[in-house]
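Chemist: Sequence:
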Amino acid sequence: MARTSWELTPIDKSLVKRLMYGLGVSRLTASVLVARGITDEDKARQFIEPDLDDLGDLALIPDIEPALKRLNDAVAHDEHIMVIGHDDVDGITSVTIVFGGLREIGADVSYYIPDSPTEGIGLSPEIIDKFKMSGVSLVITVDCGVSNKDEVAYASSVGIDTIITDHHEPPDELPPAVAVVNVKRHDSKYGFRDLAGCGIAHRFMEAFAEGYRKIGTPPTLEGMLGMAALGSYADRVPLLGENRIIVYHGVREIVSKKLVPFSTLRSHIWVDDESTMSEVLLKMVHMVGASRSREGGNLGCELLLSTEPDDAEEVFSQLVMESEKRREMARKSLGRVMGRLKEIDSTSPKGLVMRVDHLPGKTAGYCAARLTDTLHKPVIIISMRGETGGGEARSPKGFDLVEGLRAHKDFFMSFGGHKQAAGFSIKQEKVEEFMKSFTLYLDEKVDPEVIQKKVKIDDKLDVGELTIDGIKSLLVLEPFGQENRRPVFLLESLRPGVIKDVEGTWRIGEVTLTGEKLESEDGWDAGEGVSMVVSPFSDGSIKAVEVIDWKKAK
Numbered sequence: 002m003a004r005t006s007w008e009l010t011p012i013d014k015s016l017v018k019r020l021m022y023g024l025g026v027s028r029l030t031a032s033v034l035v036a037r038g039i040t041d042e043d044k045a046r047q048f049i050e051p052d053l054d055d056l057g058d059l060a061l062i063p064d065i066e067p068a069l070k071r072l073n074d075a076v077a078h079d080e081h082i083m084v085i086g087h088d089d090v091d092g093i094t095s096v097t098i099v100f101g102g103l104r105e106i107g108a109d110v111s112y113y114i115p116d117s118p119t120e121g122i123g124l125s126p127e128i129i130d131k132f133k134m135s136g137v138s139l140v141i142t143v144d145c146g147v148s149n150k151d152e153v154a155y156a157s158s159v160g161i162d163t164i165i166t167d168h169h170e171p172p173d174e175l176p177p178a179v180a181v182v183n184v185k186r187h188d189s190k191y192g193f194r195d196l197a198g199c200g201i202a203h204r205f206m207e208a209f210a211e212g213y214r215k216i217g218t219p220p221t222l223e224g225m226l227g228m229a230a231l232g233s234y235a236d237r238v239p240l241l242g243e244n245r246i247i248v249y250h251g252v253r254e255i256v257s258k259k260l261v262p263f264s265t266l267r268s269h270i271w272v273d274d275e276s277t278m279s280e281v282l283l284k285m286v287h288m289v290g291a292s293r294s295r296e297g298g299n300l301g302c303e304l305l306l307s308t309e310p311d312d313a314e315e316v317f318s319q320l321v322m323e324s325e326k327r328r329e330m331a332r333k334s335l336g337r338v339m340g341r342l343k344e345i346d347s348t349s350p351k352g353l354v355m356r357v358d359h360l361p362g363k364t365a366g367y368c369a370a371r372l373t374d375t376l377h378k379p380v381i382i383i384s385m386r387g388e389t390g391g392g393e394a395r396s397p398k399g400f401d402l403v404e405g406l407r408a409h410k411d412f413f414m415s416f417g418g419h420k421q422a423a424g425f426s427i428k429q430e431k432v433e434e435f436m437k438s439f440t441l442y443l444d445e446k447v448d449p450e451v452i453q454k455k456v457k458i459d460d461k462l463d464v465g466e467l468t469i470d471g472i473k474s475l476l477v478l479e480p481f482g483q484e485n486r487r488p489v490f491l492l493e494s495l496r497p498g499v500i501k502d503v504e505g506t507w508r509i510g511e512v513t514l515t516g517e518k519l520e521s522e523d524g525w526d527a528g529e530g531v532s533m534v535v536s537p538f539s540d541g542s543i544k545a546v547e548v549i550d551w552k553k554a555k
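For the sequence shown, this note's numbering assigns the number 2 to the initial residue and increments by one for each residue that follows.
Take these hints with a grain of salt, some might be off.
No farther apart than 30 angstroms at their CA atoms in a straight line, the calculated lysine-lysine pairs in the BS3-like style are these [stated by the list, open to error]:
1. Lys544 with Lys454
2. Lys150 with Lys420
3. Lys454 with Lys473
If you anchor each label on the Cβ, the simulated ranges turn out as follows [as the list claims (entries may be wrong)]:
4. Thr468 with Pro497: 17 to 25 angstroms
5. Lys553 with Glu50: 37 to 45 angstroms
6. Gly25 with Arg295: 50 to 58 angstroms
7. Lys258 with Glu315: 14 to 22 angstroms
8. Leu241 with Leu59: 16 to 24 angstroms
9. Ser264 with Ile345: 44 to 52 angstroms
10. Glu50 with Lys259: 19 to 27 angstroms
11. Lys133 with Ile345: 44 to 52 angstroms
12. Asp411 with Gln47: 33 to 41 angstroms
13. Glu344 with Asp74: 54 to 62 angstroms
14. Lys215 with Thr375: 48 to 56 angstroms
15. Asp58 with Leu342: 28 to 36 angstroms
16. Lys326 with Lys70: 42 to 50 angstroms
17. Gly25 with Glu493: 26 to 34 angstroms
Think of the hints as simulated: they come from the structure by calculation, not from any bench. Every residue gets a Cβ at the ideal spot worked out from N, C-alpha and C, and that includes glycine.
Construct all of the structure, not just a fragment, from the sequences and the given hints.
Modeler: Below, the structure written as structure tokens:
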């Protein structure tokens, strides 16, 4: 039986034909473009052939001039510069971009990535004291910092200037930094607001390199677009506009450049010329983000900064072990969360706020994301360790978590994030009252449309079009991700026998069906007719199609 409601997008067939002939693309590709509102031929060409020249004017990025002036002064006077970032893949790649660029020109630069479960995210008085003792006079934050008003003020009081580069939603009152480089600022004139932290970092270093050319040999930033592609994909920013340009060209750097980090990753994760962009990104992101930070260092960052193959191989082997540990921790944590779910009242239709103490590492975020995908409603998981702890929030599109947390800011020690993924730190005595308050808030604010599980279908697909060549024709729409999901098609009323069991695998012609289990106790088998919602590139493969949903044909 169908588990979701199906919404077939009405499309104008004449527009599909116009794009087919104007761009020389397949009917499938043209129909997906039209279904997603890309009907103008020039805009469609811009979409399938992203151009780096279409990135925005660097001069329009907020505070770019004071940021560059302070950084140039620091480099000129050989000041000790510290780059500090978040310990997710976006933060790791952001650190790599800024630290790597400054290292290339011989600047006195170090990096520090706090372990978020034990040190929090971004700056803290304790970390600032460490920097002061190390002789740091300039801190550059990447993928963090915009919520660190008090910490930036403290840094200033001990003689440390701060340049903030961040992409999180800024508070009403900005930190008293030398510069707050954030395109989400209310006064921003930059045309694109959805850059990831690494996207901001890359644009910042582009501007630095452009200006530094007047002084000396600028950093080449070779490979840094690839770093930005990894971070942007990992952070699930919309893969449209400038993010699409960055990721599209960044993946090409990853698969073609002979840089040590990329060649090491490519040699171990089994990608080749037939690998899709999504497959390359997914496998590499998993490895880069596998390690927790220790004393400011991070194995993922060390791998991306490696210049010697032997060093990269050694770090990669450590990352493999870390990855296995993290996968096992995530599995056990999800089991605990699911067990707790059975014990509590989780019947609220609008959302779920639950507490599961002592979840290891960053697994609360993983568990919240899994529950959100399963329940299709906002989920917050709070995990306490002693008198303090943290919460991880995830939500389907349509509900703004940051706005919800801001309405409850008096409960938190700190909070931040994005509309669909956010987090906070909280004291023990505030937890119970917050859980009750936020549950009521969800009941009042969440639109029923948000929690209605739907699948949007781009177009109907004739079974004869479901071929390897047909699937390959859709690769021009890559990279797939947030806001540019994989194509979704309807195979309607397939006659019995079209789907065949080949050595235990369901297939239609040369294409393998994966995902949704096709057999059920309701009686479907290979001898019955069915309608299916399918999406190609299951697990990044051009030979596999995911069955999202199905029902018996009438």
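Chemist: All hints are to be evaluated individually against the structure, with a verdict given for each.
Modeler: Tested hints:
1. Distance restraint check for Lys544 and Lys454: the Cα-Cα separation of roughly 27 angstroms lies within the 30 angstroms cut-off, and the hinted pair is therefore satisfied.
2. At most 30 angstroms may separate the alpha-carbon atoms for a hinted pair to count; Lys150 and Lys420 meet this at roughly 21 angstroms.
3. Between Lys454 and Lys473 the CA atoms are separated by roughly 29 angstroms; this keeps the pair inside 30 angstroms, and the hint holds.
4. Range check, Thr468 to Pro497: Cβ separation about 21 angstroms, and the 17 to 25 angstroms hint holds.
5. Range check, Lys553 to Glu50: about 42 angstroms between beta-carbon atoms, so the 37 to 45 angstroms window is met.
6. Range check, Gly25 to Arg295: about 52 angstroms between beta-carbon atoms, so the 50 to 58 angstroms window is met.
7. At about 21 angstroms, the beta-carbon gap between Lys258 and Glu315 stays in the expected band of 14 to 22 angstroms.
8. Range check, Leu241 to Leu59: about 20 angstroms between beta-carbon atoms, so the 16 to 24 angstroms window is met.
9. A hinted range of 44 to 52 angstroms for the beta carbons of Ser264 and Ile345 is consistent with their spacing of about 49 angstroms.
10. For Glu50 and Lys259, the hinted distance range of 19 to 27 angstroms is satisfied, since their beta carbons lie about 25 angstroms from each other.
11. Restraint check, Lys133 to Ile345: a C-beta distance of roughly 45 angstroms satisfies the suggested window 44 to 52 angstroms.
12. Hint check: Asp411 to Gln47, Cβ distance near 46 angstroms, so the stated range 33 to 41 angstroms is violated.
13. Between Glu344 and Asp74, the C-beta spacing of about 58 angstroms keeps the proposed range 54 to 62 angstroms intact.
14. In this structure the supplied range 48 to 56 angstroms holds for Lys215 paired with Thr375, their Cβ-Cβ distance being about 55 angstroms.
15. The beta-carbon spacing between Asp58 and Leu342, approximately 49 angstroms, falls outside the hinted interval of 28 to 36 angstroms.
16. A C-beta distance of roughly 44 angstroms is found between Lys326 and Lys70, which places it inside the suggested range of 42 to 50 angstroms.
17. Take Gly25 and Glu493: their Cβ atoms lie about 28 angstroms apart, and the range 26 to 34 angstroms holds.
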